[in-house]
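Peer 1: Starting from the known structure of chain P, fit chain E onto it as the hints suggest.
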Amino acid sequence: MKNLDSVFAAYMAAWAIFFVYYVTIARRAAALRQDIERLKNSVTRGK
Amino acid sequence: MGKNIVAAVCVFVLLGAAAYASFFIAPTDAKQGLIYRILFLHVASAWTGLTAFFICFVANLLYVWRRQPRWDWLGVSGGEVGLAFTTVVLVTGPIWAHPVWGIWWTWDARLTSTFVLWLLYASYLLLRTLIEEPDRRALLSALFGIFAFLDVPLVFGSIRWWRTQHPQPVVMGGPGSGLDPTMYKVLFFSWFAMLALMTLLLRQRYRLEAMRGEFETAQQEMETA
Chain P
1 MKNLDSVFAA
11 YMAAWAIFFV
21 YYVTIARRAA
31 ALRQDIERLK
41 NSVTRGK
Chain E
48 MGKNIVAAVC
58 VFVLLGAAAY
68 ASFFIAPTDA
78 KQGLIYRILF
88 LHVASAWTGL
98 TAFFICFVAN
108 LLYVWRRQPR
118 WDWLGVSGGE
128 VGLAFTTVVL
138 VTGPIWAHPV
148 WGIWWTWDAR
158 LTSTFVLWLL
168 YASYLLLRTL
178 IEEPDRRALL
188 SALFGIFAFL
198 DVPLVFGSIR
208 WWRTQHPQPV
218 VMGGPGSGLD
228 PTMYKVLFFS
238 WFAMLALMTL
248 LLRQRYRLEA
258 MRGEFETAQQ
268 EMETA
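Read top to bottom, the protein sequences are chains P and E.
Using this note's numbering, the first residue of the first sequence is number 1, and each one after it goes up by one.
Using this note's numbering, the first residue of the second sequence is number 48, and each one after it goes up by one.
Bear in mind the hints are in silico, worked out from the structure with no lab data behind them.
Predicted model only: the values in this text are computed from it and were never measured.
Treat the hints with care, as some may be off.
[Stated by the list, open to error] Only pairs whose alpha carbons sit at most 20 Å apart, straight line, appear in this in silico SDA-like list of lysine to any residue: (1) P:K2 x E:I72; (2) E:K78 x E:V147; (3) P:K2 x E:F70; (4) P:K2 x E:T75; (5) P:K2 x E:F162.
[To be verified] With the Cβ distance kept under 8 Å, some of the chain P side facing chain E (calculated, not the full set): (6) K2; (7) N3; (8) L4; (9) S6; (10) V7; (11) A9; (12) Y11; (13) A13; (14) Y21; (15) Y22; (16) V23; (17) R28; (18) A29.
We put the beta carbon where it would ideally sit given N, CA and C, even for glycine.
In isolation and in its complexed conformation, chain P is listed as follows (with noise of 0.2 Å):
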């Protein structure tokens, strides 16, 4: 069982890159729809 350390060290690191990668774009998406919102609502009341 020798390097099963570093075997699971790079699964470990790989899927936390692309979980937070994920995450980010999640995160990124909900901020625009915020925005998006926020240009809606001053849409509404310059009517």
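Peer 2: Leaving out everything else, chain E in the frame of chain P:
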């Protein structure tokens, strides 16, 4: 939203199955032992990253030709997703190299060209944050993206054209190269799982960029009105 969750669960299951196959189905390498199993993650990520950069390249060419925002959206999505996969390659490579070579990193042709590729696509994304005008940003980044892709053949050929510290290719490497048939099956299955993950990420990222594009257009229209 429901479809997204189903797609994410399917990709998660595929990745789990690929990890299981890498650990329990692929036979242990006679020379390297257990550590070689990183190959199924490292090589599959590398191929997937290059696939994403190819999508970015085609989208950049189409943007320059057609000037339609959707190609710009696809271009940036491909570039960013490719960068995520290349980051995995650059992280998992040294984890494998340290026990096998005794060093984390060396500036050989494959490692250097891959690092340059990472820098080029990081610059591509950085460039986009520096230009505010959408059409100008799309055109300049498409041109830069086409230039950045020139490094991809160099990455591919580096272990074929020059003697490198990096191992020789396992696919299309000529006589003497290759893997055990079961290892091949596991490698291609791992690549398939990574491609599924790439498709999921690309889809999410494209949607975000499309939303941003529409938001910027609406904002511009409001400012001019």
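Peer 1: Please go over all the hints and tell whether each is borne out by the structure.
Peer 2: Structure-based check of each hint:
Between the alpha carbons of K2 (chain P) and I72 (chain E) the distance comes to roughly 18 Å, so the proposed pair stays at or under 20 Å and holds. Pair hint K78 (chain E) plus V147 (chain E) holds up; C-alpha atoms about 10 Å apart against a cutoff of 20 Å. Between K2 (chain P) and F70 (chain E) the alpha-carbon distance is near 14 Å, which keeps this suggested pair within the 20 Å criterion. For the suggested pair K2 (chain P) and T75 (chain E), the alpha carbons sit about 12 Å apart, so the restraint of at most 20 Å is met.
Restraint check for K2 (chain P) and F162 (chain E): not satisfied, since their Cα atoms lie roughly 29 Å apart, outside the 20 Å limit. Hint status for K2 (chain P): holds, given a least beta-carbon distance of 6 Å to chain E, under 8 Å. At a threshold of 8 Å, the smallest CB-CB gap from N3 (chain P) to chain E is about 4 Å, leaving the interface hint in force. For L4 (chain P), the shortest C-beta to C-beta distance to chain E is roughly 6 Å, which falls under 8 Å, so the interface hint holds.
With 8 Å as the threshold, the beta carbon of S6 (chain P) comes within range of chain E, its nearest partner Cβ sitting at about 5 Å, so the hint holds. For V7 (chain P), the interface hint holds, the least distance from its beta-carbon to any beta-carbon of chain E being 5 Å, beneath 8 Å. Hint on A9 (chain P) holds. Least Cβ distance to chain E is approximately 6 Å, under the 8 Å limit. At a threshold of 8 Å, the smallest CB-CB gap from Y11 (chain P) to chain E is about 6 Å, leaving the interface hint in force.
Hint on A13 (chain P) holds. Least Cβ distance to chain E is approximately 5 Å, under the 8 Å limit. Nearest Cβ of chain E to the Cβ of Y21 (chain P): about 5 Å, under the 8 Å cut. The hint holds. With its C-beta approaching chain E no nearer than about 7 Å, Y22 (chain P) sits inside the 8 Å limit, and its interface hint holds. The restraint placing V23 (chain P) at the interface with chain E is violated, with a minimum CB-CB distance near 11 Å, outside the 8 Å limit.
Annotation: interface hint on R28 (chain P) holds; nearest CB of chain E at approximately 6 Å, less than 8 Å. Look at A29 (chain P): its Cβ gets to within about 5 Å of chain E, closer than 8 Å, so that hint holds up.
Consistency note: the structure conflicts with the earlier hints numbered 5 and 16.
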